[in-house]
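Novice: Residue strings, one per chain:
Protein chains: 2
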Amino acid sequence: MRAVIPYKKENAKSRLSPVLTLGEREEFVELMLKDVINTLSKSGVDKIDILTTSIYGVVDDIETNVIVSELGLNEVLNKYLTKISEPVMIIMADLPLVTTRHVREITTSDKDVTIVPGKGGGTNILYIKDPARFHVKYYGSSFRTHCDIAKEMSQSVYVYDSFLASTDIDEPQDIVELLLHGHGMSKDYAKQKFGIEVSEGRIKLSHAV
Amino acid sequence: MRAVIPYKKENAKSRLSPVLTLGEREEFVELMLKDVINTLSKSGVDKIDILTTSIYGVVDDIETNVIVSELGLNEVLNKYLTKISEPVMIIMADLPLVTTRHVREITTSDKDVTIVPGKGGGTNILYIKDPARFHVKYYGSSFRTHCDIAKEMSQSVYVYDSFLASTDIDEPQDIVELLLHGHGMSKDYAKQKFGIEVSEGRIKLSHAV
Numbered sequence: 001m002r003a004v005i006p007y008k009k010e011n012a013k014s015r016l017s018p019v020l021t022l023g024e025r026e027e028f029v030e031l032m033l034k035d036v037i038n039t040l041s042k043s044g045v046d047k048i049d050i051l052t053t054s055i056y057g058v059v060d061d062i063e064t065n066v067i068v069s070e071l072g073l074n075e076v077l078n079k080y081l082t083k084i085s086e087p088v089m090i091i092m093a094d095l096p097l098v099t100t101r102h103v104r105e106i107t108t109s110d111k112d113v114t115i116v117p118g119k120g121g122g123t124n125i126l127y128i129k130d131p132a133r134f135h136v137k138y139y140g141s142s143f144r145t146h147c148d149i150a151k152e153m154s155q156s157v158y159v160y161d162s163f164l165a166s167t168d169i170d171e172p173q174d175i176v177e178l179l180l181h182g183h184g185m186s187k188d189y190a191k192q193k194f195g196i197e198v199s200e201g202r203i204k205l206s207h208a209v
Numbered sequence: 001m002r003a004v005i006p007y008k009k010e011n012a013k014s015r016l017s018p019v020l021t022l023g024e025r026e027e028f029v030e031l032m033l034k035d036v037i038n039t040l041s042k043s044g045v046d047k048i049d050i051l052t053t054s055i056y057g058v059v060d061d062i063e064t065n066v067i068v069s070e071l072g073l074n075e076v077l078n079k080y081l082t083k084i085s086e087p088v089m090i091i092m093a094d095l096p097l098v099t100t101r102h103v104r105e106i107t108t109s110d111k112d113v114t115i116v117p118g119k120g121g122g123t124n125i126l127y128i129k130d131p132a133r134f135h136v137k138y139y140g141s142s143f144r145t146h147c148d149i150a151k152e153m154s155q156s157v158y159v160y161d162s163f164l165a166s167t168d169i170d171e172p173q174d175i176v177e178l179l180l181h182g183h184g185m186s187k188d189y190a191k192q193k194f195g196i197e198v199s200e201g202r203i204k205l206s207h208a209v
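So the sequence lines, in the order shown, correspond to chains A and G.
Going by the working numbering, the first sequence runs without a break in its numbering and finishes at 209.
Going by the working numbering, the second sequence runs without a break in its numbering and finishes at 209.
The following block holds chain A by itself, in its conformation from the complex:
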């Protein structure tokens, strides 16, 4: 099985800057990437490509294929899709809550395209059985866009409903979910840095004491 992970370490996750320094953010995104790679490997995904704009900071202690390109996310992914001829999972690097169960359920769907929505209209995971019959368009309301593209291309769609897989770690509040429901190295890192603050409403992030 094949998966591709778009990845950017340099100045990543600026929306986490209220709670993590630049150096910490770069460390954190690398751990999230490693968690995603581990989950894929344990799920039997044996071909993992990392798409990145710069070789800077790409982890070298794991067996993956690194593709460096200065193209934008959509351009590089669509070029990639034209070059492969087998089912592929496009999975974002900021999804440390994804488990082997999710990967198994997503890759065994009988639909042509499986879409895992992210919070706020994004697309966290796409599983495309025939890359020649799909193209991506990330940013903005990409969940709706990807549903539309599938329809245009006469591809059947499965919308995979998972709280964990829908939780991309973008904002401080997302780290709360990682602390509550997560596993792996990025969770351990977050535990070192943060605690959680219980009040009447939703739990908030606090700095570890």
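Each hint should be verified, as a subset may be incorrect.
It does not matter which identical chain is meant; a pair holds if it fits inside one copy or across any two.
[What the hints assert, rightly or not] In silico BS3-like cross-links for lysine-lysine, where the CA-CA straight-line distance does not exceed 30 Å: (1) K34 / K129; (2) K13 / K204; (3) K187 / K79; (4) K193 / K8; (5) K8 / K129; (6) K204 / K137; (7) K79 / K8; (8) K137 / K191; (9) K151 / K129; (10) K79 / K34; (11) K137 / K193; (12) K151 / K204.
To be clear, the hints were calculated from the coordinates, so they are not data collected in a lab.
Since the structure of chain A is provided, determine the placement of chain G on it from the hints.
Specialist: Just chain G, lined up with the frame of chain A:
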């Protein structure tokens, strides 16, 4: 099958006050309640109790049993649990994204207690097979608390992983998910009131023009 829905219309959902007036919020919570009741009914739940602190604003055009009590949420629910002797689902009224599939999957689990976490550490749905062997403690980090209570009472736990069922409508950003992924009367209401604003990051709510 039996379900109980804690419900409060009076001055409900204050965190939606930046985008909805008091009157609109009260209208909106009533529609969400109706959506939840419809989903339960369609799923074969034939005994639905509504727990409320005041008869004010409890919908009268639906066949449910209304229990009025001035006790706090935990007190009234724990009293309720002592009085019934069959499996029961405690489901919040602000979950219009819940579908019949969720209800079916939750009620057919072979575990003693099923917990659907909400965002930020909350508990959106609890399905309790033996009410004599569980008690609730909402507010704060209730997801963790409910897992702990199940453990203390030697009840096995199934954590149900669903983006839709985890999305309680509490804050303006949650309405974005209702617009993107919802169904039913509360979605129609939100569509009348709001649009969505597409930018680089997650989609934001905007007022309808």
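Novice: Give a verdict on every hint.
Specialist: We went through each hint and held it up to the structure:
1. K34 / K129: Result: close within a single copy only, 25 Å intra versus 39 Å inter.
2. K13 / K204: both (19 Å within a copy, 19 Å between copies)
3. K187 / K79: neither (33 Å within a copy, 38 Å between copies)
4. K193 / K8: Result: close within a single copy only, 22 Å intra versus 38 Å inter.
5. K8 / K129: Within one copy only: 26 Å inside, 47 Å across.
6. K204 / K137: between (33 Å within a copy, 19 Å between copies)
7. K79 / K8: within (18 Å within a copy, 53 Å between copies)
8. K137 / K191: The answer is between: 25 Å across copies meets 30 Å, while 34 Å in one copy does not.
9. K151 / K129: within (15 Å within a copy, 42 Å between copies)
10. K79 / K34: within (25 Å within a copy, 48 Å between copies)
11. K137 / K193: Classified as between; 28 Å across copies, 35 Å inside a copy.
12. K151 / K204: between (40 Å within a copy, 25 Å between copies)
Checked against the numbered hints listed earlier, the structure breaks hint 3 alone; every other hint is satisfied.
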